[in-house]
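Chemist: So the protein lines, in turn, are chains A and B. All the letters of the first sequence, read from the start, carry residue numbers 1 to 85 under this note's numbering. All the letters of the second sequence, read from the start, carry residue numbers 1 to 275 under this note's numbering.
None of these hints come from the bench; they were simulated from the model. All figures in this text were calculated on a predicted structure; none of them were measured in a lab. Quick reminder that beta carbons are idealized off the backbone N, C-alpha and C, glycines included. Heads up, some of the hints might be wrong.
What the hints assert, rightly or not - Pulled a few chain B residues facing chain A out of the computed Cβ check, cut under 7 Å:
| # | residue |
| --- | --- |
| 1 | 132 |
| 2 | 133 |
| 3 | 134 |
| 4 | 144 |
| 5 | 243 |
Unchecked claim - Computed cross-link-like contacts, EDC-like style, restricted to lysine to aspartate or glutamate with a CA-CA straight-line distance of at most 16 Å:
| # | chain 1 | residue 1 | chain 2 | residue 2 |
| --- | --- | --- | --- | --- |
| 6 | A | 67 | B | 122 |
| 7 | B | 14 | A | 84 |
| 8 | B | 14 | B | 166 |
| 9 | B | 3 | A | 75 |
| 10 | A | 42 | B | 166 |
| 11 | A | 67 | B | 119 |
| 12 | B | 212 | B | 198 |
| 13 | A | 42 | B | 78 |
| 14 | B | 162 | B | 5 |
| 15 | A | 67 | B | 144 |
| 16 | A | 42 | B | 137 |
| 17 | B | 14 | B | 119 |
To be verified - Label pairs and their in silico Cβ distance ranges:
| # | chain 1 | residue 1 | chain 2 | residue 2 | range |
| --- | --- | --- | --- | --- | --- |
| 18 | A | 76 | B | 22 | 22 to 32 Å |
| 19 | B | 100 | A | 68 | 18 to 28 Å |
| 20 | B | 258 | A | 74 | 54 to 64 Å |
| 21 | B | 236 | A | 82 | 54 to 64 Å |
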Amino acid sequence: MSNRERVTAVSEKNSPQGVTQQSDESIVDPKLLELLVCPLTKTRLIYNAQTKELISKAAGVAFPIRKGIPLMTPDAARQLDGDEK
Amino acid sequence: MSKAEQSLRESVRKKYAEIATAGDSCCGPTCCSTNQSETGEFSIIGDAYDGVDGYVANADLGLGCGLPVEYAGLEPGDTVLDLGAGAGLDSFVARREVGETGQIIGVDMTPEMIHKARENTDTLGYTNVEFRLGEIESLPVESDSIDVAISNCVLNLVPNKKTAFDEIYRTLKPGGHFCISDIVASQALPDWTMKVAELYVGCVAGAMPKDKYLELISHAGFENVEIKAERRIDIPDDVIAELATEKQISAARASDLHVVSVTITGRKPRVISVS
Numbered sequence: 001m002s003n004r005e006r007v008t009a010v011s012e013k014n015s016p017q018g019v020t021q022q023s024d025e026s027i028v029d030p031k032l033l034e035l036l037v038c039p040l041t042k043t044r045l046i047y048n049a050q051t052k053e054l055i056s057k058a059a060g061v062a063f064p065i066r067k068g069i070p071l072m073t074p075d076a077a078r079q080l081d082g083d084e085k
Numbered sequence: 001m002s003k004a005e006q007s008l009r010e011s012v013r014k015k016y017a018e019i020a021t022a023g024d025s026c027c028g029p030t031c032c033s034t035n036q037s038e039t040g041e042f043s044i045i046g047d048a049y050d051g052v053d054g055y056v057a058n059a060d061l062g063l064g065c066g067l068p069v070e071y072a073g074l075e076p077g078d079t080v081l082d083l084g085a086g087a088g089l090d091s092f093v094a095r096r097e098v099g100e101t102g103q104i105i106g107v108d109m110t111p112e113m114i115h116k117a118r119e120n121t122d123t124l125g126y127t128n129v130e131f132r133l134g135e136i137e138s139l140p141v142e143s144d145s146i147d148v149a150i151s152n153c154v155l156n157l158v159p160n161k162k163t164a165f166d167e168i169y170r171t172l173k174p175g176g177h178f179c180i181s182d183i184v185a186s187q188a189l190p191d192w193t194m195k196v197a198e199l200y201v202g203c204v205a206g207a208m209p210k211d212k213y214l215e216l217i218s219h220a221g222f223e224n225v226e227i228k229a230e231r232r233i234d235i236p237d238d239v240i241a242e243l244a245t246e247k248q249i250s251a252a253r254a255s256d257l258h259v260v261s262v263t264i265t266g267r268k269p270r271v272i273s274v275s
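Just chain B, same shape as in the assembly (with noise of 0.2 Å):
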């Protein structure tokens, strides 16, 4: 790993260890969560799942981007990988439609998340699911053990993509598919947002251009690749306005160029071709 890649990691950790020990909702364009909250800040959620069976209000954070689980297919009896599970929130929706028989794993590289999601299950009370401290790059889970894998708002803020989905891939059963919600971009961003921390662990510098996103998961070898949802964001003037400069600015709004939620799905071929 580069020393880049190195410094962005630890960056994202620091700041999601903040959010997990303050055990606040997460808003601003400084870590991952959009539009106007309640508190008139800035945040990049726009759905939520509160309402949704299995709902634990103790593990929202306010850090998703979409509704993985919502469109995951889940079967009673998967066993889920939750990629960047955080303090468990996805892990315990999808667990409620696994059901006894199935199972939850969820990986995530900051300790105070994995306590935080460790501590959820305990009063949970689940037997079925468990969460581990690991990195999504180099996944400690068995090749070709997993139904179905889901992320939420969290490969953005992986350095190494192609790594990321490449462990995916490895993980699935063959036939076995991903439902991930993430942030990507209208096009390339540039070089200057890399620069400001913020606009990375918020979930905006680290957004691949979708079409390079796309080409990048059919390369991991998946097929039946879907977007089931997918939602513009746009960063209001008086956020960026403390990140960018005008010129900055100006040059981003005269090319359109913006952020976009969505959820993708793509599933491991069955029978594997050796070419």
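Isolated chain A, as found in the complex (with noise of 0.2 Å):
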């Protein structure tokens, strides 16, 4: 099984409640995502690989994480811009 496969599996196994892999380019450690909210909203976040950041839709706000780090506080947060909304 290839590493990809294996983050994918346990993905969907031991599916992280409040956040959504955007595709499987995003190998990022399930363990680290699990029971991850918005901290304004309380919703779901997306994880974009590209960007390296967890993606708030409903508070239309992006938290950075860095060296493995989620950045969950309003100052680290980025306002989304109109079309990445």
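Since each chain comes alone in its own frame, lean on the hints to assemble the complex.
Modeler: Below, the structure written as structure tokens:
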């Protein structure tokens, strides 16, 4: 089993409740994303592997992941542009 | 959040970033830590985890005021939320109790602390301990997902304690519980204490009167609220003399004003009544 398959398999079996992986390319430790929700709206987050951000559509912001740590404070959040929403 | 709350939060973040970066134990009334330490400085800590299984010296910045994990009744496999995790000491001690099948989530609002906690996790090789930057009044944690919430000497530093307890309640599973060590006051602290930044970041001025603190916990919806440990802390005259006037000090002494470190547990009801 390749790494990617393993991550996908784990994601399905042990699905992070608040996070949707955007694509198969998003190789991120599923454990990291478990039980993680937007602090502002308590809603699901979408992981964007390219920007390494967790997107909260409901709040219209993106939270960065730096050195494997999700930065989930209002200060750290980036406002989404119009076409990102 | 009010400007005053924001300003208090920034003072706390700045102080704790300094402590994380310096890597020293925190001493003095200027940060959360009492008792005469080895260096003769005053610090709020009375109990220590050293000697306890899971103790990690690198994660011990001398910032606690109790041993919440000792009274938390953790079971193997539990999912634990550590509020104000700092460099991760309580999280690592808790990891020892919940084992491989458990999960620890540490939240702290100071980036320098979270990075230190993460470094410690990597050194220890734990795969089920993770940290995220976040604020206790708006936790980035799924509702009804946590078995046990722990916290050590942090909530007194949170400006809005009501929201903090409401958030703890939200994240706990029905039947889940918290075990929190914190500093409370014997009575309402006089207004002047809030103007002394050192007393706020030093875990004194943010201390809520004990009865009000317990009331807040009950109002959040918790049941079976119990004080598991309690210890009076007397701040020495020479320490307080640098921060207050003689008149203020004598008024405080006359009314026996003091702070207390407490370790409290409470449970979210299994069945939530709708009224």
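Chemist: Does the Cβ pair residue 236 (chain B), residue 82 (chain A) satisfy 54 to 64 Å?
Modeler: Holds: the Cβ-Cβ distance is about 59 Å, inside 54 to 64 Å.
Chemist: Does the structure keep residue 42 (chain A) and residue 137 (chain B) at a Cα separation of 16 Å or less?
Modeler: Holds, at roughly 12 Å.
Chemist: Holds or violated: residue 42 (chain A) with residue 78 (chain B), Cα cutoff 16 Å?
Modeler: Measuring from Cα to Cα gives roughly 22 Å; hence the hint is violated.
Chemist: Go ahead and decide if the range 18 to 28 Å is satisfied by the Cβ distance of residue 100 (chain B) to residue 68 (chain A).
Modeler: holds (20 Å)
Chemist: Quickly compare the C-alpha distance for residue 3 (chain B) and residue 75 (chain A) to 16 Å and report which way the hint goes.
Modeler: holds (15 Å)
Chemist: For a C-alpha distance cap of 16 Å, please report whether residue 67 (chain A) and residue 122 (chain B) respect it.
Modeler: Roughly 12 Å between the alpha carbons, so the hint for residue 67 (chain A) and residue 122 (chain B) holds.
Chemist: Is residue 162 (chain B) close enough to residue 5 (chain B), meaning Cα to Cα at most 16 Å?
Modeler: The given pair, whose Cα atoms are some 13 Å apart, holds under the 16 Å limit.
Chemist: Quick one, is the residue 144 (chain B) hint okay against chain A at 7 Å, beta carbons?
Modeler: violated (10 Å)
Chemist: Please verify whether residue 67 (chain A) and residue 119 (chain B) have alpha carbons no more than 16 Å apart.
Modeler: Holds, because 10 Å separates the two Cα atoms, which is no more than 16 Å.
Chemist: Quick check on residue 243 (chain B) please, does its C-beta sit within 7 Å of some C-beta on chain A?
Modeler: violated (30 Å)
Chemist: Quick check on residue 134 (chain B) please, does its C-beta sit within 7 Å of some C-beta on chain A?
Modeler: holds (4 Å)
Chemist: Take the shortest C-beta to C-beta distance between residue 132 (chain B) and chain A; is it under 7 Å?
Modeler: Nearest chain A Cβ about 5 Å off; hint holds.
Violated hints, in rising order: 4, 5, 7, 8, 12, 13, 15, 17 and 20; the structure is consistent with all others.
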